[in-house]
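Peer 1: Letter by letter, the chains look like this.
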Amino acid sequence: MIEITMPRLSDTMEEGSIAAWQVRPGDHVSPGDVLAEIETDKAVMDFEAYDSGTITELLVEPGSAVSIGQPIALLDDGVAGPAALRPGDAVASRPGSDASRAKSGADQLGAGGDQLGAGRDQPSAGAGPLSAGADRLKTRAEPKRADAPACGNRDDRYEAAAGTPDNHSPHAPPISHVLASPLVRRIARDHDLDLRRITGSGPGGRIIRRDVERALAERNRSQATAPSQASRGELVRGSVETGAHPGAEAPGAIETSGAAEAPGAAPAPGPAEAPGAIETSSAAQAPGPAGRSVAGGGSGSGGEDPRRPIETPVGQLRRVIARRLTESARDTPVFTVTQAVRVDALLELRAQANRQLSATGSGKMSVNDMVVKAAALALRSHSAVNSSWGGDHIATHGRVNVGIAVATERGLMVPVIMDADVKTVAQLGAEARSLAELAAQAKLAPEQMSGGTFTVSNLGMYGVDQFTAIINPPEAAILAVGTAQAELALDGANVVSRQVMRLTASFDHRVIDGAQGARFLVAIRTLLENPWSLLV
Amino acid sequence: MTTAATTLGAGAAASEPVEPVEGPDRARSTAGATMTYREALRVTLAQELRRDPNVLLIGEEIGLFEGSYKITQGLLKEFGPKRIRDTPIAEEGFTGAAVGAAMLGLRPIVELMTINFSLLALDQIVNHAAKIYGMFGGQVSVPMVIRTPGGGGQQLGATHSQNVELYYSFVPGLKVVAPATPAEARGLLLASIRDDDPVLFLENLSLYNSKGEVDLAAPPLEIGRAAVVRPGRDLTVIAYSRMVSVALAAARHLAATEGADLEVVDLRSLRPLDRQTFVDSVRRTHAAVVLEDDWLTYGIGAEVAASIGEGAFDHLDAPVRRVAMAEVPLPYSKPLETAALPQMSDVVRAIKETLAATGFNRGGSVSHD
Numbered sequence: 001m002i003e004i005t006m007p008r009l010s011d012t013m014e015e016g017s018i019a020a021w022q023v024r025p026g027d028h029v030s031p032g033d034v035l036a037e038i039e040t041d042k043a044v045m046d047f048e049a050y051d052s053g054t055i056t057e058l059l060v061e062p063g064s065a066v067s068i069g070q071p072i073a074l075l076d077d078g079v080a081g082p083a084a085l086r087p088g089d090a091v092a093s094r095p096g097s098d099a100s101r102a103k104s105g106a107d108q109l110g111a112g113g114d115q116l117g118a119g120r121d122q123p124s125a126g127a128g129p130l131s132a133g134a135d136r137l138k139t140r141a142e143p144k145r146a147d148a149p150a151c152g153n154r155d156d157r158y159e160a161a162a163g164t165p166d167n168h169s170p171h172a173p174p175i176s177h178v179l180a181s182p183l184v185r186r187i188a189r190d191h192d193l194d195l196r197r198i199t200g201s202g203p204g205g206r207i208i209r210r211d212v213e214r215a216l217a218e219r220n221r222s223q224a225t226a227p228s229q230a231s232r233g234e235l236v237r238g239s240v241e242t243g244a245h246p247g248a249e250a251p252g253a254i255e256t257s258g259a260a261e262a263p264g265a266a267p268a269p270g271p272a273e274a275p276g277a278i279e280t281s282s283a284a285q286a287p288g289p290a291g292r293s294v295a296g297g298g299s300g301s302g303g304e305d306p307r308r309p310i311e312t313p314v315g316q317l318r319r320v321i322a323r324r325l326t327e328s329a330r331d332t333p334v335f336t337v338t339q340a341v342r343v344d345a346l347l348e349l350r351a352q353a354n355r356q357l358s359a360t361g362s363g364k365m366s367v368n369d370m371v372v373k374a375a376a377l378a379l380r381s382h383s384a385v386n387s388s389w390g391g392d393h394i395a396t397h398g399r400v401n402v403g404i405a406v407a408t409e410r411g412l413m414v415p416v417i418m419d420a421d422v423k424t425v426a427q428l429g430a431e432a433r434s435l436a437e438l439a440a441q442a443k444l445a446p447e448q449m450s451g452g453t454f455t456v457s458n459l460g461m462y463g464v465d466q467f468t469a470i471i472n473p474p475e476a477a478i479l480a481v482g483t484a485q486a487e488l489a490l491d492g493a494n495v496v497s498r499q500v501m502r503l504t505a506s507f508d509h510r511v512i513d514g515a516q517g518a519r520f521l522v523a524i525r526t527l528l529e530n531p532w533s534l535l536v
Numbered sequence: 001m002t003t004a005a006t007t008l009g010a011g012a013a014a015s016e017p018v019e020p021v022e023g024p025d026r027a028r029s030t031a032g033a034t035m036t037y038r039e040a041l042r043v044t045l046a047q048e049l050r051r052d053p054n055v056l057l058i059g060e061e062i063g064l065f066e067g068s069y070k071i072t073q074g075l076l077k078e079f080g081p082k083r084i085r086d087t088p089i090a091e092e093g094f095t096g097a098a099v100g101a102a103m104l105g106l107r108p109i110v111e112l113m114t115i116n117f118s119l120l121a122l123d124q125i126v127n128h129a130a131k132i133y134g135m136f137g138g139q140v141s142v143p144m145v146i147r148t149p150g151g152g153g154q155q156l157g158a159t160h161s162q163n164v165e166l167y168y169s170f171v172p173g174l175k176v177v178a179p180a181t182p183a184e185a186r187g188l189l190l191a192s193i194r195d196d197d198p199v200l201f202l203e204n205l206s207l208y209n210s211k212g213e214v215d216l217a218a219p220p221l222e223i224g225r226a227a228v229v230r231p232g233r234d235l236t237v238i239a240y241s242r243m244v245s246v247a248l249a250a251a252r253h254l255a256a257t258e259g260a261d262l263e264v265v266d267l268r269s270l271r272p273l274d275r276q277t278f279v280d281s282v283r284r285t286h287a288a289v290v291l292e293d294d295w296l297t298y299g300i301g302a303e304v305a306a307s308i309g310e311g312a313f314d315h316l317d318a319p320v321r322r323v324a325m326a327e328v329p330l331p332y333s334k335p336l337e338t339a340a341l342p343q344m345s346d347v348v349r350a351i352k353e354t355l356a357a358t359g360f361n362r363g364g365s366v367s368h369d
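Taken in sequence, the protein lines are chains B and S. Counting from 1, one number per residue, gives the positions in the first sequence under our numbering. Counting from 1, one number per residue, gives the positions in the second sequence under our numbering.
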């Protein structure tokens with residue numbers, strides 16, 4: 001019997017979800033057969049069998065996240081072995097394995113603890129070696145209070161720590177592998193909080209008290225506005241949310257900015273609240289069955305409010321986006337520089353080029369391809385921007401690898417074009433299109449999303465004038481590209497119309513100073529305003 | 001005061017009923033005198049010698065020379081050579097003599113010049129003093145005190161700068177106390193002398209000249225009871241002996257510089273160990289740093305940290321940190337010795353890192369909107 005475990009499919013992967021099983025119990029598999037599609041923090045990948053045999057059990061439901069190394073299926077390879085085990089057992093119960101030895105060691109510890117207790121109750125029994133009771137070999141001479149000090153590990157909390165209050169169903173995702181302090185786990189148990197939905201701000205992403213208290217406060221707020229948690233499972237079609245914030249959910253949007261996500265992330269946006277006052281009267285007549293009703297200022301509780309906030313579970317990708325961007329926003333001192341670029345010449349050149357390209361059947365050149373090229377060339381001559389903060393050093397990168405922020409239905413992806421500075425605009429365009437296509441299908445390989453030294457984020461296609469983007473660590477800068485549009489300008493004494501595009505670069509000030517940032521952006525502008533220089 | 005303690009027979013052991021104990025900190029409320037740790041010890045010894053004729057002192061250079069650290073100054077003159085016994089340089093011999101005297105009803109107080117020399121008396125302490133009561137079914141007790149200073153930082157070299165109280169804290173049948181202030185020195189010495197078990201009374205070279213308020217009328221402190229010597233909200237620092245003053249200094253520093261509100265627990269007694277007090281404290285503060293003036297591995301800090309893991313697991317928001325000395329024989333060279341011993345800066349760093357791990361000082365209050 002072989003335990004098939006969750007593989008490590010990328011460097012940053014800590015857990016993965018089974019997007020879909022491709023086998024069922026009873027299926028025979030051979031090496032190379034696809035067992036499952038696994039969704040990681042970066043992509044959905046096929047997971048192939050290494051051994052042949054018969055699948056006897058699938059241990060993880062599709063959609064459940066499990067940690068690396070956790071058993072996900074059992075494969076009968078004809079070699080006798082122990083029967084099925086639950087995922088909650090982790091890697092423990094294979095007899096003779098280190099893990100099982102460690103576990104039984106822990107059991108012994110537990111027993112030892114009991115002995116301590118027994119020894120204390122009966123100092124003369126002589127049962128437990130080194131029992132704490134031996135501290136008071138004689139009870140007679142001791143002041144009464146002296147009993148108490150030795151009792152430190154003897155009260156209820158000791159049992160609470162040793163017990164297993166979590167009552168997971170066999171196939172529940174293993175919350176035990178979320179990085180969280182013991183205090184946080186207890187608070188989560190007491191308040192029925194799902195730690196997998198909380199982003200940790202402690203060392204290594206550990207969830208600490210601060211995070212969980214914040215989450216509780218948020219939950220209390222949302223309960224106060226719409227105390228209808230009981231039926232949150234039902235989705236209401238055409239809710240206020242999707243109608244009111246099309247921008248936040250528009251699937252085609254390319255964005256990296258955390259700010260752009262804010263409307264979508266906040267569970268109770270403004271529009272939902274004002275009409276809510278009307279709803280409460282009808283809701284009060286139909287109180288929800290049990291559930292967590294909050295006694296909030298006579299606002300009544302009910303499960304029928306069609307405009308209540310809808311909770312969508314956070315998937316792997318969104319969780320990673322949230323964590324990385326939070327880290328970036330929290331840890332990076334950012335300054336931004338905005339520059340208007342005259343793009344009449346660029347647009348003219350692109351139009352000419354595309355006429356010729358379409359005549360030859362080649363793919364067209366986009367403004368974004370030219371911006372990427374300009375950025376790559378400017379990075380080569382401004383290597384300070386092509387750097388990373390390393391705590392005690394600054395790493396200046398030799399290669400210029402430009403990430404392109406791509407919005408997908410699953411969320412933001414940033415595929416990377418390696419060595420963008422030495423590729424032609426046409427090459428960059430072809431590569432960008434194929435990467436975006438892969439991103440949309442969640443087929444990007446991890447190596448296609450790593451190694452970036454700079455990112456370009458373009459919201460110009462939405463008509464956005466300008467915006468600021470959040471740096472994608474460990475990069476030190478990101479370029480936010482607005483739309484190109486006609487503007488009136490003074491040319492000497494004459495008012496003229498010009499095509500203008502605004503670029504905003506965000507810089508990590510630990511690495512890049514203001515003047516360096518300004519010079520870098522001016523270099524991009526100069527290249528874009530003299531577009532033939534992009535082609536040589 | 002001329003009664004020589006010659007009573008024989010365990011039945012005559014003058015085990016005075018221990019005075020009722022008040023809260024340890026209440027003792028300070030009564031008017032007291034400011035005195036050094038050294039002076040508090042000397043005065044208390046004299047008080048007890050006067051109070052109980054069965055109390056006697058035995059050790060090297062304690063009589064004519066009045067003690068290597070002058071703790072016994074003037075005592076020979078007042079109490080005479082029968083109760084203030086100078087001995088040859090033979091720790092095992094005079095410690096063993098004290099064990100025998102205690103078995104026969106006296107209350108000997110042994111002075112070992114430094115705790116390093118206690119190793120020469122290890123067999124008498126561990127195999128005799130600690131075991132006799134249990135091995136002989138409680139027929140005879142060993143009410144003796146071994147007073148001895150530990151501590152580095154005096155450029156006394158590796159063999160004379162140790163803190164081997166751990167060896168004794170490990171042994172059932174012994175009690176080990178470690179006063180951190182003059183008042184604690186008095187209160188715990190009284191308790192040790194009046195206790196019917198052998199007590200290792202740990203002094204510290206660097207504390208002898210430290211000053212503090214001492215209430216000469218206060219009752220004994222309780223062996224086996226720690227004290228919260230500074231209440232706080234954000235993190236618990238646990239220490240004993242010299243490191244208590246380091247902990248308090250670090251707490252004051254971090255209150256001024258970081259706005260941190262640290263709780264400091266003074267263990268006072270290493271065996272029995274008052275787990276309740278520091279576990280309760282950590283359950284309030286959710287984070288702990290343990291200080292010890294000794295090597296890290298297998299140390300007292302390890303015991304404290306493990307107890308926190310057992311008793312306050314569900315209350316921890318960050319791993320328990322320990323600050324200890326470098327794991328080397330303590331160097332003689334002053335800069336190296338200083339580098340090896342845990343300093344205030346080490347303590348402050350560990351506390352700051354632990355506070356940071358709990359999100360302290362990051363992003364303001366938890367419940368902001």
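Please keep in mind that the hints were generated in silico from the structure rather than gathered at the bench. Hints are not guaranteed to be accurate.
As the list claims (entries may be wrong) - Heads up, incomplete: computed chain B residues facing chain S, CB under 10 Å, no partners named:
1. H177
2. R189
3. L193
4. R197
5. T199
6. G205
7. L438
8. A440
Claimed, not checked - With beta-carbon atoms standing in for the labels, derived distance ranges:
9. R399/B <-> G157/S: 23 to 33 Å
10. M135/S <-> G69/B: 24 to 34 Å
11. D513/B <-> G259/S: 24 to 34 Å
12. A217/S <-> T326/B: 37 to 47 Å
13. A356/S <-> D190/B: 43 to 53 Å
14. P231/S <-> T396/B: 22 to 32 Å
15. M418/B <-> A356/S: 33 to 43 Å
16. G259/S <-> D392/B: 48 to 58 Å
This one's a predicted model, so the numbers in the text were calculated from it and none came from an experiment. We put the beta carbon where it would ideally sit given N, CA and C, even for glycine.
Peer 1: What are the numbers of the hints the structure violates, in ascending order?
Peer 2: 1, 3, 4, 5, 6, 7, 8, 9, 10, 12, 13, 14 and 16
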